[in-house]
Each structure stands twice: as C-alpha cells, then as structure tokens.
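Undergrad: The listed protein sequences correspond, in order, to chains A and B.
With our numbering, letter number 397 in the first sequence gets 397, and the count goes up by one each step, no holes.
With our numbering, letter number 160 in the second sequence gets 160, and the count goes up by one each step, no holes.
To be clear, the hints were calculated from the coordinates, so they are not data collected in a lab.
Accuracy of the hints is not assured; some may be wrong.
[Unchecked claim] The calculated BS3-like cross-link candidates involving lysine-lysine, where the alpha carbons are at most 27 Å apart (straight line), are:
| no. | chain 1 | residue 1 | chain 2 | residue 2 |
| --- | --- | --- | --- | --- |
| 1 | B | 103 | A | 205 |
| 2 | A | 274 | B | 43 |
| 3 | B | 43 | A | 205 |
| 4 | B | 43 | B | 164 |
| 5 | A | 250 | B | 111 |
| 6 | A | 249 | B | 72 |
| 7 | B | 103 | A | 249 |
| 8 | A | 252 | B | 171 |
| 9 | A | 249 | B | 171 |
| 10 | A | 249 | B | 111 |
| 11 | B | 43 | B | 103 |
| 12 | B | 72 | B | 164 |
| 13 | B | 111 | A | 274 |
| 14 | B | 42 | A | 252 |
| 15 | B | 129 | B | 42 |
| 16 | A | 252 | B | 43 |
| 17 | B | 164 | B | 103 |
| 18 | B | 72 | A | 252 |
| 19 | B | 103 | A | 274 |
| 20 | A | 205 | B | 171 |
| 21 | B | 171 | B | 111 |
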Amino acid sequence: CIMCIYITLNYLFLTVCLCVHVFFFFSVPTVPQQVSLSPNLETQQLTLSWLGGESTTFDIMILRTELNETVFYETVSVTADKISGQHQWNWTSVEPLECTSLSVQIRSRDGQTTSDWSDTHILPGMDLPSNKDSQMFPQDRVVSVGTNTTFCCIVEEGLGFGSIRYRDLVMNVTRLSRRSYAMTQINQGPSGVTGTNVFCSSDEKTLLNGAVVFVGYPPLPSDLVCETHDLVSAVCQWNRGRDTHLYGKKRKTYYTLNGRYFTHTHTHTFMNQKWSACSLAQWDGNFTLVARNLLGQYSLTDSSELSLRVRPVAPANLTSVVRAWNATLLWQWKHRGYDSLALICQVELTSHWHTTTRTFSGVGLRSVIVLDLRPDEDYSIKVRCGVQQNFWNWGDWSGPLAFRTSIDIPDAPDVWMWIERDNTGRLMWKPLTHRESHGQITGYEVTLWSPDENIQHTETLPQSICTVPINLTHISTTGSSSNKVIATVIAKNAAGVSPPASIVMPLRWTDPPAVSRTAYMDGGFPLSWQSDANASCGYVVEWHDASCQQDCAVEWIKVAAENTNISAQSENFQPGVRYTLSLYSCSSEVPQLLQRWEGYMEELVPSSSVPHLSSNQQDSNIKLSWGEIPLVSRRGFLLGYHIYLNNGSQLMLLANVSDPTSRSYTVKGLPVGSYKFTVKAYTSAGEDTGATVSISLESYNNILFSIVARVKKAFYPDIPEPKLAGDWSRTQGPLDVKPSPHSMVHIVEEPEWDSSKEALVVIPEEDEDEDETGDEPVDTDEPTSLRYYNQVIDDRPIRPRFPDSSASSASSLDSARTDVTYTGIQTSGNSLGYRPQMQPGSLSQDMASFGGYQPQCSWHLDSPVEAEESGGLAPSLGSPTSVASTQFLLPDSGSKEQPEGKGQGSSSATTWFHNLLSSAKP
Amino acid sequence: MADRRTRGMTGTEPSRTTAARAAAIAEQLHHECALLLELFRKKESLSPDLTVADGRLVTVPPPSSQLDTRDKLWRLHSALLQCRSLLERAITKEEEELGGAEKGDYQSQRKTVRDRLSLLLANTGELLKATDGTAVLTPSLEGLEIDGPTILFEVKLWIYRIFKELDYWTKTAITTLQGLPSVTAKERGRTTAVRRRRSTRR
C-alpha cells in the first residue's frame with residue numbers, strides 16, 4: 001500500500017519506484033497478523049497462532065513484561081495450516097505462566113529479510129497490581145521422580161520478599177517481576193504421603209503462601225494371577241509393585257480388570273509386598289488389568305481355563321467326634337460344586353507345640369478319621385484342601401479346632417527291684433509320664449505273690465508313691481519255701497487299671513561279680529556284654545552312686561534281648577561321683593546279676609587328703625602310715641600316692657607309691673634331724689592338697705630325759721592298750737618336744753647317728769604356717785584343739801548293710817588339717833557314763849564341732865534314744881571297755897584361760913602322757 | 001453465629017468434682033494439642049522460624065467480664081463444639097485429599113486429641129446442664145468454614161489453624177474452668193482445710 005502511493009505521487013521517479021517496488025515484492029515478508037496467545041497453565045505451554053502469509057520462518061520473542069527481560073528469542077520454522085492458513089507454534093515455559101506477564105512478538109523472516117515485529121501481545125500474569133494477595137505457582141502439581149520443577153512466589157502487595165524453601169531448604173531465587181520470585185528444584189526425589197511442601201515467606205519470616213508438589217512414579221504392578229474358589233467366579237490378585245508415593249483420592253492408583261473399574265480392592269501384605277485382589281462374577285479365560293495414576297498406566301494380562309485354577313475355600317464349621325486314640329473330624333463346604341470335586345486335604349495336628357501333617361483325599365471330602373492320637377491329650381487341628389486333578393494351590397486353612405482326647409487305662413509301669421545286703425529290698429517303678437498315664441493316675445496296686453505257697457498280699461498306694469520297701473527276710477521266714485517272690489504293680493486311673501508289670505524278686509542278697517571299670521564318653525557309660533542265653537526278655541542295666549549306703553537313688557534301663565551294648569545315660573550323672581552299673585538278665589525267673597562296672601562321669605582330684613597320717617621311726621628309717629580316703633572323697637580312681645619331703649617352702653618328691661591300696665611307705669637312710677613329710681593321693685585328675693606330718697629323730701635316751709612336757713590343766717586318759725609297750729609302730733604319742741631347728745641340709749651334714757640312742761618324737765602339725773610361729777606350745781584342754789583322733793570315730797550313722805561301710809566308716813575327719821593321727825588307739829565303747837570333759841547338755845554341739853579328742857562321745861549310740869532305736873546295730877565299733885583307773889577325769893575344756901586355737905601343745909602333752917602311761921605297762 | 005441458647009432458670013453452682021475434672025481434662029488436652037501441633041509441623045517440614053498467621057475459625061460472642069458463670073460456660077462449650085466439628089472435618093479431609101492410610105505417631109496423636117476433646121465436651125456439657133438445669137442445645141455451626149479450602153497447601157494451613165484454634169480454646173477452657181466458682185471454692189476449701197490443720201498442729 002505504501003509502495004502504491006509512492007508510485008502514484010512520484011511519477012517522475014518511476015525507475016526508482018520500480019526498483020523499490022521490485023525489491024519490496026520479492027524481499028519483504030508479511031508482518032504476522034492476528035497473533036493470539038493460548039496458555040495451558042497445567043502444562044505451562046503457550047500456544048501462539050497467527051497469520052503470516054507465505055512465510056515459513058519466524059522470529060519469536062517472549063519477554064517478561066514488567067522487567068522487559070527476554071525469556072525466549074529464536075527463529076522457528078512454522079508452516080501454515082492448509083485450510084485455515086494459520087501458523088501455530090507451542091512454547092513451554094520453565095516457570096508457571098501465572099508467575100508474571102509475558103509479552104510476545106512475532107516477525108516473519110525470509111533469509112536475512114524480516115518483516116516488522118507484530119504488535120506486542122501480553123499474557124497477563126497473576127502479579128498484576130489488581131491481584132494484591134500473595135500467591136504461589138504451580139499448585140498441587142504431580143510430577144515424576146527425577147524431574148525439575150520451577151516454583152514462583154508472588155509477594156503480597158506491600159510486603160517484602162524473604163525466601164522460598166523447598167521442604168525446609170532455602171532455595172536460590174530469580175526475580176521475575178516486582179512481586180514475583182522463582183526457584184527451581186532439580187532432580188526431585190519422591191514425596192512423603194502428603195506431598196512436598198514449598199514455602200514462601202516474607203522478609204519478616206511470615207509465611208506468605210506455599211504449594212504442594214507430589215513427586216512419585218507411575219504404577220508398575222506385576223504377577224497378575226486369577227483363580228476360582230467357587231468354580232464359577234474369578235478372583236484375581238496382583239502385586240502392586242513399587243510404591244508410587246502418590247496418595248489421596250486424586251493421585252492414588254486406580255485399577256480396572258477386564259474394563260471393570262474397582263473403587264476398592266482387597267489389599268494385603270505378603271513377603272513385604274503389597275498385593276491387591278478383586279473378583280469377577282464369571283470366569284472369563286482372559287484377564288487384563290490396567291493400573292493408572294496421574295503419571296501413567298500399566299497393563300498386565302493372565303489367561304487360563306477354570307479347571308486349572310481351582311483353589312478351594314477354607315473348610316467351614318469344623319467339628320469332631322473324639323475318642324481316646326483317634327478322632328473323626330468333620331467340616332462343611334460353602335459351595336455345592338465341591339460335592340463332586342476330587343479333593344486332597346491336609347490335616348495339621350498340633351499337640352504340645354509339636355505339629356504333624358496328615359494327608360487325606362476323596363471326592364467331596366468332608367470328614368476324616370485322624371488316627372494315632374494319644375489319650376488325655378490336648379490337640380489343635382485345622383484343615384486345608386486342594387483339588388486332586390490339576391492341582392493348583394492349597395486353599396486357605398480352616399479355623400483351628402481344639403479338643404482333648406478321652407482317657408484310657410494306663411500303660412504298665414516300668415518295675416525294678418533293689419536288694420540290700422541284709423535281705424531287705426525295695427520294689428521300684430518309674431512314675432508314669434503323662435503320655436503313659438492316659439489320664440490322671442489315681443494310685444498303684446502292689447501285689448506280692450509267693451508262687452510256691454500261693455500266698456498273695458496286695459497293697460494299694462497313692463499315686464505319689466513309686467517305691468515300697470519289702471522285707472524279704474520276713475517273707476522267707478513266714479512259710480515260703482521258695483527263694484523268690486513275684487511282685488506285680490498296676491497303675492490305676494479313672495478309665496481302669498493298667499496291664500500288670502511283674503518282677504521276680506530273690507529273697508536273698510547275692511554277692512556281686514567282679515567289678516570292672518567303664519569310662520564315660522559321648523554322654524554316657526558305654527557298656528557291652530556277652531549275650532546271655534537266659535535273657536529271654538532282655539536285660540536291665542541299673543546304676544547308682546557307689547558311695548550311697550541307704551535308700552539310694554537307683555536308675556535303670558531295660559534293654560532288648562538282641563542288644564548287647566548300650567550307653568548308660570542320665571542327666572543326673574555328676575562329676576567326681578563313682579557310679580556302680582550292674583547288668584541283669586531278664587527272664588521269667590529272678591534277674592541274674594551278670595556283670596558290674598564302676599566309672600566316673602569325670603574324675604576329679606580327691607576332695608580330702610589321706611586320713612590318719614602318722615610317722616614312725618623304725619631303726620634308721622621313718623615309716624609313714626595313713627588311712628584310706630573315704631570313697632566319697634576320692635572323686636576318681638586312686639592311682640597312688642606321692643610322698644614329698646616338705647622343707648616348709650617347697651615339696652621334694654621322694655617317692656611315687658603307685659599302688660593305691662598301699663597304706664604306708666618307709667623313708668630310708670635319713671640322718672638325725674627334723675623332717676616334715678607330705679603325702680598326696682592322686683587320681684587321673686591330679687593330686688589332693690596333701691596331708692603333712694612332722695618327725696624329729698633324736699637319741700632315744702635323750703628323749704626320755706630332755707622331754708619337757710607341760711600339762712597345764714588336763715589330760716586325756718589313754719584307752720588301755722597293753723600291747724603298745726615298746727611297739728612304736730602301733731601306738732604313737734605326741735611328745736611335746738620342739739623339733740630340731742636343723743634344716744634338711746644341716747641334718748645331712750651330721751656324720752654320726754646312733755639309732756639305738758635315738759627316739760621318735762612326733763609333733764602334731766596344724767599346718768605349715770603354724771609350725772613356724774609356735775615356739776612354745778600352749779597347754780590347753782580345749783577339746784577342739786587337741787587333734788587326737790581315733791581311727792573308728794565317725795559321726796555318721798553306722799550303715800552295716802552297705803557293702804563298703806567298713807571302708808567308709810574308718811574316717812570322718814577332715815584329713816586336710818594334717819593332724820597327727822594315731823591309728824592304734826581303741827575307742828572306748830562304754831563311754832556313756834564317762835564324759836568328764838563335756839559340758840552337761842552340750843553333747844550335740846560338741847559333736848557337731850567334732851575336732852578334738854572325744855572318744856567317749858564319738859559313737860553315735862552315745863545317745864540313749866538312738867541306741868535304743870537302732871537296736872544295737874553297731875557291733876563293728878570297738879567293744880565297750882570299762883572305765884580304767886588310769887584314766888583321768890578332765891576338767892572343763894571351755895575354760896577362759898585357754899587361748900583360742902592353740903591346742904597343739906596341750907594335745908601333744910596329753911598324748912605323750914597317755915603314751916607314757918601305756919608304755920609303762922607290762 | 002446465632003445464639004440458640006435458651007436462657008432459663010438461674011444457674012446453680014456447678015459440681016465441684018465435674019468442674020475440677022473438666023479442668024484437668026482441658027490441661028491434658030492442651031498438652032496433647034501442643035504435641036499434635038509439633039508433630040504436624042515436623043511432618044510438613046514447617047520450619048519453627050516461620051510464622052503462620054493466625055486466623056480465627058471459631059466464632060463466639062466476645063468475652064466480657066460481665067458474663068456470668070453460665071454464659072462463660074456456654075461460650076466455652078460452644079467454641080469447643082465448633083472445634084470438634086472442625087477437627088473431624090479436618091481429619092476426614094486430610095485423609096481423603098492427602099492420604100492418611102498410614103498409622104504413625106501423628107495419626108495416633110490426632111485421634112487422642114479428638115477423643116480427649118469429646119471427653120472435655122461431655123464434661124463441659126454436664127457442667128452446663130448442672131448450671132442451666134436444661135438440656136444443652138447444640139450451638140449452630142452456621143458460618144463455620146467447615147468445608148475448608150481446595151488447594152492442598154491451603155488445606156494443610158487450614159488444618160494447622162484448626163489445631164491452633166483448638167490449642168487456643170483448650171487454654172481458654174483451662175482458665176474458664178479453673179475460674180468457675182465451684183473450683184475456686186474447692187481450692188479455697190482446700191486452702192482453708194490446710195490452714196486449719198496447720199493451726200490445729202500449733
């Protein structure tokens with residue numbers, strides 16, 4: 001239009017005009033017309049459309065209106081729509097389009113030639129002065145994890161901008177306009193349940209506004225599986241897959257199955273995975289699941305015939321018919337189709353936390369008989385089933401059904417016997433366990449029957465009793481000519497009586513065979529034996545504590561006839577205890593003792609030292625003698641004794657007496673001097689702490705004249721022993737002389753030693769320390785310090801029936817105290833009326849503190865009551881002797897004049913005097 | 001909000017026990033509200049240094065020293081009723097819009113506060129009934145912004161403000177209930193009793 005006017009008005013310049021016209025016609029593109037802006041606030045996309053003539057290339061410039069900052073300025077190629085002739089181009093803003101006003105201009109370009117810019121078109125932002133409030137954009141945006149999002153805050157009119165925080169992190173911001181500020185969070189991580197908050201605050205830290213962004217994932221379900229329970233409908237379940245981090249009704253994942261939309265799905269967690277399930281009324285062989293949320297969707301498919309996907313429902317309404325040894329279990333099916341369905345069912349049975357599973361099958365199975373139950377037991381039972389053909393999966397378990405089986409008669413008790421040396425016996429049986437009782441045991445019935453005489457005696461016992469004493473002597477002397485009696489035990493409960501358990505008991509004790517040893521290993525004593533032809537019903541292996549003397553705890557085990565070796569095991573075995581294990585054959589006759597063993601679970605060192613250690617000079621030698629360590633103290637098989645020379649600070653091994661039965665050792669070739677000897681018994685575990693005795697060798701004449709004994713207050717009279725005169729080997733008295741201060745080394749240096757002029761002086765020892773501290777023995781009559789013991793003193797009751805009683809009765813004292821002990825002195829048995837040193841009424845107390853010379857009260861039959869009760873069953877003690885005129889009455893031993901714990905001198909003096917009197921006898 | 005209360009007979013002195021119990025419940029509720037607010041701020045990363053402007057959501061007649069016991073109680077009861085309506089709506093909206101399936105400390109505390117508020121209301125209602133001698137009418141919730149906003153950030157702020165409002169009214173409840181003549185008299189009675197005991201000892 002301008003060119004035309006130019007030509008018309010300037011005719012004279014036609015050529016120029018033409019040139020201009022030619023230039024215009026070929027080179028100046030059309031200015032874009034009818035520019036329009038269409039914003040998509042959600043996508044932040046701005047659609048520009050315009051009429052641009054023939055041009056296909058355009059320059060597009062987008063500015064932030066308020067600050068006139070260029071946001072976008074590029075040349076783009078856009079072809080016109082063939083029908084409308086419009087050009088259209090989309091631009092996506094980094095910032096939300098509401099953040100601030102944008103000015104848009106477009107011009108056409110043809111090579112280097114451009115048209116004029118189009119008019120400016122403005123997309124108004126929300127920061128216009130008319131919108132005074134503070135605002136933030138975008139709001140409630142849902143984005144994928146890892147994306148970037150730019151937020152802008154428009155500050156309330158009149159307030160100052162402070163900061164924008166993403167969660168609690170203050171961000172760097174860009175100012176977009178007078179009131180608008182923006183920031184970008186890159187690579188966003190997943191949000192929490194309620195989204196991620198962005199806060200915009202004023203310069204006074206007042207919250208102006210904010211936005212929530214939800215950062216998550218599109219759904220990714222897996223493992224779609226459909227099955228049927230009722231043989232008609234389909235139940236499909238799938239793994240929901242990863243957490244989308246999108247919650248709330250607008251953002252959560254929605255599912256459709258075969259096009260059907262499910263507002264609610266049944267959800268459960270299994271193996272830390274969330275599973276959903278939903279149902280379709282009819283089985284449709286092909287299933288398609290579509291999961292959708294605002295970030296995307298995902299499809300899964302599954303297909304199968306119905307018959308291949310049958311998973312039965314849980315059996316319903318379980319009931320039971322209970323008996324003692326079995327129960328019938330019944331249930332119902334919810335669906336009629338199961339009547340013709342071949343089913344396989346598992347029955348899970350739990351009793352005492354032990355679970356077993358049994359399997360049953362049948363068409364339309366709805367009842368089973370569960371066998372092999374135990375009477376009077378609590379059971380919990382549940383059932384689940386699957387289809388036999390085309391087994392797909394087990395159905396759900398039914399609810400548990402609890403019941404208790406009926407009671408039944410008890411099992412026969414396990415019976416055994418125990419015969420003492422005095423032909424008394426015990427009938428024993430193991431208490432029935434709950435499993436053997438089959439109901440609460442109400443009692444036992446014991447019957448003794450002499451087959452020859454056909455005499456029967458029955459006794460009913462309460463259920464707490466499992467042993468009864470039987471006086472076989474009485475039976476054998478009351479008419480029975482048989483040498484056996486048959487004992488029968490039956491257990492009773494509310495259901496009836498058990499089968500009888502019988503054992504044939506001998507009427508007399510039989511001596512045991514030779515004892516061999518067995519070594520404990522692998523949790524038991526391994527025992528093996530030759531098969532015995534008479535053992536028609538097998539063997540019985542019995543064991544007990546070898547040191548036990550009365551009412552011993554006996555354990556036994558019955559062994560089948562075909563077995564000839566076992567490992568005897570018991571949780572009662574203790575280390576250091578000797579056990580006697582006996583093998584009996586079982587037949588219709590009296591059990592025969594075939595073999596006997598002894599063994600320790602673990603050998604220990606002896607718990608006490610040799611008792612009654614004494615020393616005695618024989619010519620130029622010193623004979624050491626000692627007593628036997630009680631069995632209970634040995635704690636292992638004694639292997640021998642170590643003889644040490646004790647110089648006070650160290651022990652020098654003189655000899656190893658490897659014969660454990662040896663009771664003496666003679667030390668030869670010692671010169672005159674003082675010595676201490678320590679004797680230690682040893683087992684495979686080592687030696688005990690040792691007993692020590694001192695001895696001093698001096699001229700015999702010197703002894704008589706140099707002894708200075710001070711008897712301060714009292715003497716213990718010697719029990720007359722006429723054979724002791726001149727026989728030092730049997731009776732030794734402590735002579736109150738100080739040992740020679742010579743050490744061993746010094747003694748060896750003395751060249752001459754006339755044995756005929758030397759005599760033995762025994763100095764009782766308390767221990768090595770006291771030996772060096774006591775320069776002068778202190779006279780005292782205090783009984784507990786005398787250390788004068790008699791060999792047969794024993795404060796334990798006499799147990800004559802026990803085989804080893806003679807051995808064990810020899811000592812009751814703690815030999816670890818290393819006292820000098822006189823083995824040849826007899827105990828006065830008629831000391832009932834002779835206790836001069838005892839306080840009236842203090843007998844038991846003194847007995848309890850037994851540690852001194854108390855021969856008159858050491859016998860337990862001192863108590864008239866006990867003597868009467870025991871019926872004089874202590875014949876093994878020394879025979880009573882009369883009160884001799886040579887005995888001294890002792891004054892009160894508790895005198896305050898006596899220093900405590902200093903009885904050595906008194907003991908020595910008293911004993912010496914005693915010996916002196918004895919030796920003076922013809 | 002319109003006053004629907006029926007003025008009736010002259011109020012009697014509220015039960016001492018009920019008033020004391022209500023005051024104790026209010027104190028407990030106030031403590032639980034503070035904890036709920038703290039849990040909410042933590043859950044939503046709302047920095048402690050940011051100030052959230054208060055906005056009253058509960059509307060009741062203005063306080064006045066001229067109000068008698070009955071009116072004070074009614075005002076308190078009405079405000080607490082509105083708080084409960086708002087709280088229940090807030091819980092529903094939060095679970096619907098923001099997802100509340102998880103069972104955490106916040107959800108547990110929110111339930112505790114709701115239950116405690118109901119208990120407090122039962123007690124203030126009982127006090128009102130004892131004072132007024134008539135059944136307690138439910139105050140109108142007309143005008144109450146019960147639906148809340150739609151933009152989720154504003155929903156969160158709305159919920160926060162409801163908690164703050166509840167916090168404010170539990171504080172008010174403590175003051176009001178402890179200031180009731182019965183409670184004051186009880187305290188006075190206790191003080192007198194103590195003095196008597198002391199003087200007796202002398």
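Undergrad: Could you run down the list of hints and mark each one as holding or not?
TA: Going down the list of hints, with the structure as the test:
1. Restraint check for residue 103 of chain B and residue 205 of chain A: the C-alpha separation of about 32 Å exceeds 27 Å, so the hint is violated.
2. For the suggested pair residue 274 of chain A and residue 43 of chain B, the alpha carbons sit about 24 Å apart, so the restraint of at most 27 Å is met.
3. Between residue 43 of chain B and residue 205 of chain A, the direct Cα distance comes to roughly 20 Å. Compliance with the 27 Å bound is thereby established for this hinted pair.
4. Proximity of residue 43 of chain B to residue 164 of chain B is assessed by CA-CA distance (about 16 Å); at most 27 Å being required, the pair is judged to hold.
5. Between residue 250 of chain A and residue 111 of chain B, the direct Cα distance comes to roughly 24 Å. Compliance with the 27 Å bound is thereby established for this hinted pair.
6. Between residue 249 of chain A and residue 72 of chain B, the direct Cα distance comes to roughly 42 Å. Violation of the 27 Å bound is thereby established for this hinted pair.
7. At most 27 Å may separate the alpha-carbon atoms for a hinted pair to count; residue 103 of chain B and residue 249 of chain A meet this at roughly 18 Å.
8. For the given pair, residue 252 of chain A sits about 39 Å from residue 171 of chain B by alpha-carbon distance, which is inconsistent with the 27 Å threshold.
9. Simply put, residue 249 of chain A and residue 171 of chain B have alpha-carbon atoms about 35 Å apart, too far for the 27 Å limit, and the pair is violated.
10. Proximity of residue 249 of chain A to residue 111 of chain B is assessed by CA-CA distance (about 21 Å); at most 27 Å being required, the pair is judged to hold.
11. The suggested pairing of residue 43 of chain B with residue 103 of chain B holds, with an alpha-carbon distance near 13 Å, which does not exceed 27 Å.
12. Taking the CA atoms of residue 72 of chain B and residue 164 of chain B, the gap is about 21 Å. The hint holds against a cut of 27 Å.
13. For the given pair, residue 111 of chain B sits about 26 Å from residue 274 of chain A by alpha-carbon distance, which is consistent with the 27 Å threshold.
14. Pair hint residue 42 of chain B plus residue 252 of chain A holds up; C-alpha atoms about 24 Å apart against a cutoff of 27 Å.
15. This hinted pair does not check out: residue 129 of chain B and residue 42 of chain B have alpha carbons roughly 40 Å apart, beyond 27 Å.
16. A hinted pair counts as satisfied when its Cα atoms are at most 27 Å apart, and residue 252 of chain A with residue 43 of chain B qualifies at roughly 20 Å.
17. Straight-line distance between C-alpha atoms of residue 164 of chain B and residue 103 of chain B comes to about 22 Å, which keeps the hinted pair within the 27 Å bound.
18. Distance check on the hinted pair: residue 72 of chain B and residue 252 of chain A sit about 46 Å apart at the alpha-carbon level, beyond 27 Å; violated.
19. Of the pairs offered as hints, the one joining residue 103 of chain B and residue 274 of chain A holds, with about 16 Å between alpha carbons and a cut-off of 27 Å not exceeded.
20. This hinted pair checks out: residue 205 of chain A and residue 171 of chain B have alpha carbons roughly 26 Å apart, not beyond 27 Å.
21. Annotation: proposed proximity of residue 171 of chain B to residue 111 of chain B holds, straight-line Cα distance about 19 Å (limit 27 Å).
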